[in-house]
Amino acid sequence: MGETVVQVENLGKSYRLGTISSGTLRDDVIRFFTGKHPELDGKKVRNETVWALQDLNFEIQKGDAVGIVGKNGAGKSTLLKILSRTTAPTTGHIRIKGKIASLLEVGTGFHPELTGRENIFLNGAIMGMTKRDIKGKFDEIVEFSGVSRYIDTPVKRYSSGMYVRLAFAVAAHLESEIMIIDEVLAVGDIDFQKKCLSKMSEVTQKQGRTVLFVSHNMSSVKALCNTGIFLESGRMKLKGSVNEVVQAYTVANKGLVESTELAQRKDRSGNGLVRVIDYYVTDEYGNRIETILTGEKVTFNFQLKTFGESVRNVDVGLNFFDPEDRNMGVLYSSYYQQYYTAGPNQDMLVSCTVPKFPFTMGNYKVGLRITVNNEEADWILGGVGYINVENGDFYGSGSPGFSHHYMTNFEGTWTIDK
Amino acid sequence: MQTKHYWQLEIKPKSGLLDLKLREFWQYRDLLLLFVRRELVPTYKQTVLGPLWFVLQPLLTTLVYSIVFGMVARIPTDGAPQLLFYLPGIVLWNFFSTSFLKSSSTLVANTHIFGKVYFPRLVIPVSGLLASMVNFGIQFCLFLTIFAGYYFTGSKVSPSAWIFAFPALILILSTYSLGLGLIVSSLTIRYRDLTHFLSFGVQLLMYATPIIYPASIIPANYKWVSYANPLSPVFEAFRFSFLGTGVFNVPHLLVSFVFGLVVLFLGIVLFNQAQRTSIDTV
Numbered sequence: 001m002g003e004t005v006v007q008v009e010n011l012g013k014s015y016r017l018g019t020i021s022s023g024t025l026r027d028d029v030i031r032f033f034t035g036k037h038p039e040l041d042g043k044k045v046r047n048e049t050v051w052a053l054q055d056l057n058f059e060i061q062k063g064d065a066v067g068i069v070g071k072n073g074a075g076k077s078t079l080l081k082i083l084s085r086t087t088a089p090t091t092g093h094i095r096i097k098g099k100i101a102s103l104l105e106v107g108t109g110f111h112p113e114l115t116g117r118e119n120i121f122l123n124g125a126i127m128g129m130t131k132r133d134i135k136g137k138f139d140e141i142v143e144f145s146g147v148s149r150y151i152d153t154p155v156k157r158y159s160s161g162m163y164v165r166l167a168f169a170v171a172a173h174l175e176s177e178i179m180i181i182d183e184v185l186a187v188g189d190i191d192f193q194k195k196c197l198s199k200m201s202e203v204t205q206k207q208g209r210t211v212l213f214v215s216h217n218m219s220s221v222k223a224l225c226n227t228g229i230f231l232e233s234g235r236m237k238l239k240g241s242v243n244e245v246v247q248a249y250t251v252a253n254k255g256l257v258e259s260t261e262l263a264q265r266k267d268r269s270g271n272g273l274v275r276v277i278d279y280y281v282t283d284e285y286g287n288r289i290e291t292i293l294t295g296e297k298v299t300f301n302f303q304l305k306t307f308g309e310s311v312r313n314v315d316v317g318l319n320f321f322d323p324e325d326r327n328m329g330v331l332y333s334s335y336y337q338q339y340y341t342a343g344p345n346q347d348m349l350v351s352c353t354v355p356k357f358p359f360t361m362g363n364y365k366v367g368l369r370i371t372v373n374n375e376e377a378d379w380i381l382g383g384v385g386y387i388n389v390e391n392g393d394f395y396g397s398g399s400p401g402f403s404h405h406y407m408t409n410f411e412g413t414w415t416i417d418k
Numbered sequence: 001m002q003t004k005h006y007w008q009l010e011i012k013p014k015s016g017l018l019d020l021k022l023r024e025f026w027q028y029r030d031l032l033l034l035f036v037r038r039e040l041v042p043t044y045k046q047t048v049l050g051p052l053w054f055v056l057q058p059l060l061t062t063l064v065y066s067i068v069f070g071m072v073a074r075i076p077t078d079g080a081p082q083l084l085f086y087l088p089g090i091v092l093w094n095f096f097s098t099s100f101l102k103s104s105s106t107l108v109a110n111t112h113i114f115g116k117v118y119f120p121r122l123v124i125p126v127s128g129l130l131a132s133m134v135n136f137g138i139q140f141c142l143f144l145t146i147f148a149g150y151y152f153t154g155s156k157v158s159p160s161a162w163i164f165a166f167p168a169l170i171l172i173l174s175t176y177s178l179g180l181g182l183i184v185s186s187l188t189i190r191y192r193d194l195t196h197f198l199s200f201g202v203q204l205l206m207y208a209t210p211i212i213y214p215a216s217i218i219p220a221n222y223k224w225v226s227y228a229n230p231l232s233p234v235f236e237a238f239r240f241s242f243l244g245t246g247v248f249n250v251p252h253l254l255v256s257f258v259f260g261l262v263v264l265f266l267g268i269v270l271f272n273q274a275q276r277t278s279i280d281t282v
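Respectively, the protein sequence lines represent chains A and B.
Each residue of the first sequence is one higher than the one before, counting from 1 in our numbering.
Each residue of the second sequence is one higher than the one before, counting from 1 in our numbering.
FYI, nobody ran anything at the bench for these hints, they're computed from the structure.
Treat the hints with care, as some may be off.
Listed next, the in silico SDA-like pairs over lysine to any residue satisfying Cα-Cα at most 20 Å (straight line) [as the list claims (entries may be wrong)]:
id, chain 1, residue 1, chain 2, residue 2
1, A, K97, B, Q8
2, A, K156, B, R37
3, A, K99, B, Y28
4, B, K223, B, L253
5, A, K99, B, D30
6, A, K156, B, H112
7, A, K131, B, V41
8, A, K99, A, Q61
9, A, K71, A, E244
10, B, K156, B, G79
11, A, K97, B, K12
12, A, K131, B, E39
13, A, K356, A, V330
14, B, K21, A, T130
15, B, K45, A, I151
16, B, K45, A, E118
17, A, K97, A, G2
18, A, K131, B, R23
19, B, K14, A, R16
The shape of chain B in the complex, shown without the other chains (with noise of 0.2 Å):
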């Protein structure tokens, strides 16, 4: 019986660029959430405080921001509280920083793993993210309860309609903190001394981003810096939206997604490309 033979699957030396694979990966979402899991059980599971780590972290960063930058090197907060001022920036940009980190040390971190079993690897830095995003949910939570203490006692906030806006942001976050995380750990394969500066640099970022200080305060003709990082208007916008003070820059906003798109898209190509030899290398 000669029938014409149908092949599921071609194991080949290259991919195509453009071949994403996201069905395969939509296929494995059940390890998805499975990876999500396992990535949060284990920080709650036998410690005494819990979930409560995750929110003492930002309440004493943002206590030590408020000493530091705010009452030592009297940084203004644009008339917001202090509190206020500092911890949805603190908040947000953990939320960045740990799946960038996260993401970006994928493929060196899960060598084991990868070596002995194949799934589509983009679940790992995926799951990643979605860990971080419940952990965001769990120190936003804290600041919604503070936020709302605030504003039913009087004080100075004036929370706007662009509350609502709060998913968009993260989103934009994402793409970058993902996008970015995938680029690095692609070429973290060949240059190992990358992961040396990673730490470094996630740091010169954090205060090249209007965390500890409102946009407003940047001198004119430093505005650009301000413009070029794409996560500033982010930041700002949060602000804004719960604060009032602060901008939302619609504009600014959306290119700052276009681009992040642009690097997502970008940095999944890479990592599809990297990933399929990585354990050779790494």
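In isolation and in its complexed conformation, chain A is listed as follows (with noise of 0.2 Å):
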């Protein structure tokens, strides 16, 4: 058993709604020197406190990869912040062994004006190393970050992509024992991404670091993380392997999206010509059905809505994720040379017919994105709903095939010639 490196204890956090404090000057001094609230002087004093974060109680050994996932409002940021000292907590303690990093934004401190070379040395600075710890690592920096030409270059010069590979550079050379990271993996482009990402499993498989991960994209976490723990409401709901903890959460997000009305989903991008405002699946008879069977003939209906002008060229796509937040297929209507136009205030119903739905067993989320002249219109980023498949008789023989060896069925056509 390894050595106890990070140790929570009873751990909690509350924050008061509303006005903080009485607000003024004056009810704080009468407060101070008579003990009472004059605001509240009678009344009984209305319980505003909420509990981010509650009886938090665990301990991470060195060497582990620790996978935080949870709902948003669950505490991750909470447990975060308080990790990372940026906030105090209201009860417990953490107790901490050897030096501890945290990477909640990459670039933190990047001052336009300053060069890469002078940028790179603030923000190692701010995140706790030595002039000389920078200096040492410096020629790694530039070189990993890949924008050596331009390192005398004020950032402001900069385009996003080399900002953000620059500032995730110094962040990668930290020399912790305990880094903590949120959600920065999902920057630049996608080869940088990648770079990042097998550079954050060398620092914990290769030289033995303990990482927390915050993160809503499973797969990830399932590739950086050995273990996991599962946040629901402030509270831990469960602690185990990396596997068990993906499993729950996937589990109990199943109903998370399905339960908001879509057009008062908030989790959107895109300028809002077109919106989805409604989504439903149906059987090949038009009856609304909430699962579907693996070769069944399917409907996805969408209840799109334009807004004050009148659109032309709208397209729409539908995808799927696996649990693991992999994109399984996309289907735009533009593959079938299909546009869409809407005058202005206008409801128009969008469908799209799978012939032989072919995803095996298991919970799906549904994607939908419209785009008005190839620019974003709408995209939800958790997805419109979730879909839930049971296996069925795909290949019309009756056989099931090995279908929770994989997720997707194809058809083909076996001859022989002799």
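With the hints in hand, could you dock these two chains into one complex?
In structure tokens form, the structure reads like this:
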């Protein structure tokens, strides 16, 4: 058994809702001298405290890579903030052995007027490196970032990609025994993301450092971590192997998206010229269904709405994510040369019929992206919903196949020539 | 193996009032210097006149003061040439007010960076103070040049050996600008209205300090105002050491310094408490 490097006991953090403190100096002075709260005098004190974290107890062993997962508002970022000492807990304590560095953001403190070189030193020092540390690693950092040509140029002249690469390069070379990492990996282009991921796993696996990683992306959690912590409503729901935790998170997450009205969803990007306001799945007879059988003919129906202006060249794309958030396939209407046109404030129902649903048993997230003239109009980050898939008669032969071994079926014709 | 755990860091809800964490502050001295640089470099980059702005500003202000307070209002200067009378006061006050305003905005202005990474928060206001000192240095050189010009052309100035005490005067001002700044910064988290009062308050304080007038013209029954203001003896002493006007009141300066240290200590204590959860409320 490894050595405990992080010990969390009874950790809790509460926030007061509404106005913090009584708000005015006069009230505070009165309260200080009389022990009374003037505004609440005579009334019952309302309990406006919200616990973002409560009764958290866990230990982390040296060399562990711990994935912290949970829905928005489960307390992940509060835990990160306390661990990285940007705010203090309300109850309990954390004991830490070894140097700790937090990476809640890359490029903290970067100043646009300073050169790349100057910013490396500044950013490194903010994250706790000494000038000597940085000097020793300087060449490595510059090489990793790939911006050596522009190292003496002010970073305001950098492209955003260069900026992020430089910022990440500094962070990746932090010399600390414990690293706290937020979802900063979701930066830069695909190549750079891969580079970052491999650097991260190198850090944990080869150098034996302890890593706490917070992410929504279950496949990077699985790729990086060996254990996990699942937070729900400020409490620890599960601590265990990364597979158990990812599984539990996926199951718990299933009902979440469906419960929110699509029109009210806030986790969306795009210019909003067209938006999806409702979504449902129907079988070949037009009945609404929750569960799809593999191989079944199904239709995905999207109620769209335009707003102030009329739109042309509307392209609608449907895709599916597996439980680890991997994209399983995309189908845009434009792939079939189909574009839609609509006037202002118009409702329309766009449907996509899949003649033989290919994916095997499991839960899939359904994504929908709408573009107008190739510009993103609507994209719901958390997906429009989840579908449950049960094994069906894909091959029309009654054979179930070995569908628990793979995620997608395909059709083929077997022949033999003699 | 059951060895006794030793923990290098403990994160707790409360920290000791008197735990000033100065050792940790010292460990981050590299960061301190880098912040000073970050503060200074952008002001000079991409400006045509660069550091010249730091020289022009007090000169122009001096000019305005000479016209308004000297020629129009006819406020006496204790016989010193007007330029030499107003300039040191303006330069010193610039130093005090910029470093004070800088440190008083620490917790509110740096929420973003404070929310992302930990380092001793005191680094920020102290770096602001040091940067102000550098700017002061530039302006002080300007003053010295003009002073030398007057001195060698035989004007009526009588410098004394107290000239070499000027670092001590800067030190006294620093205890106030930093100490008061930290106190205000800690309070603004709860009472945001303070920020509105601030620039106004600084201006009031300026008129309560002998900058545009010599302390000698204060009527006897208002002398206490000048005594109660711990900044007054500093400005008077600075003027005395170079121009020979004003007074160099050592006991008064000592009292001012000791009180300044108390303010600074109080500031650090308040600030250390306030910064612990400042990002929750700002």
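Evaluation of the provided hints:
1. Between the alpha carbons of A:K97 and B:Q8 the distance comes to roughly 5 Å, so the proposed pair stays at or under 20 Å and holds.
2. Of the pairs offered as hints, the one joining A:K156 and B:R37 holds, with about 17 Å between alpha carbons and a cut-off of 20 Å not exceeded.
3. About 14 Å separates the Cα atoms of A:K99 and B:Y28, which keeps this hinted pair within 20 Å; it holds.
4. With a CA separation close to 16 Å, the supplied pair B:K223 and B:L253 stays within the 20 Å bound.
5. The straight-line distance between the Cα atoms of A:K99 and B:D30 is roughly 18 Å, inside the 20 Å bound, and the hint therefore holds.
6. At most 20 Å may separate the alpha-carbon atoms for a hinted pair to count; A:K156 and B:H112 meet this at roughly 19 Å.
7. Distance hint between A:K131 and B:V41 is fulfilled; the C-alpha atoms sit about 18 Å from each other, no more than 20 Å.
8. A C-alpha spacing of about 14 Å is found between A:K99 and A:Q61, which places the hinted pair at or below 20 Å, so the restraint holds.
9. For the hint pairing A:K71 with A:E244, the CA-to-CA distance comes to about 16 Å; that is within 20 Å, so the pair holds.
10. A C-alpha spacing of about 8 Å is found between B:K156 and B:G79, which places the hinted pair at or below 20 Å, so the restraint holds.
11. The straight-line distance between the Cα atoms of A:K97 and B:K12 is roughly 15 Å, inside the 20 Å bound, and the hint therefore holds.
12. Distance restraint check for A:K131 and B:E39: the Cα-Cα separation of roughly 18 Å lies within the 20 Å cut-off, and the hinted pair is therefore satisfied.
13. Under the criterion of a C-alpha separation no larger than 20 Å, the hint pairing A:K356 with A:V330 is consistent with the structure, at around 15 Å.
14. Taking the CA atoms of B:K21 and A:T130, the gap is near 18 Å; set against the 20 Å cutoff, the hint holds.
15. Taking the CA atoms of B:K45 and A:I151, the gap is about 17 Å. The hint holds against a cut of 20 Å.
16. Annotation: proposed proximity of B:K45 to A:E118 holds, straight-line Cα distance about 13 Å (limit 20 Å).
17. Of the supplied pair hints, the one linking A:K97 and A:G2 holds, its CA atoms being roughly 13 Å apart against a limit of 20 Å.
18. Note on A:K131 and B:R23: the hinted pairing holds, with a Cα-Cα distance of about 18 Å set against a maximum of 20 Å.
19. Restraint check: the Cα-Cα separation between B:K14 and A:R16 comes to about 17 Å, which is no more than 20 Å; the hinted pair holds.
In summary, this structure violates none of the numbered hints.
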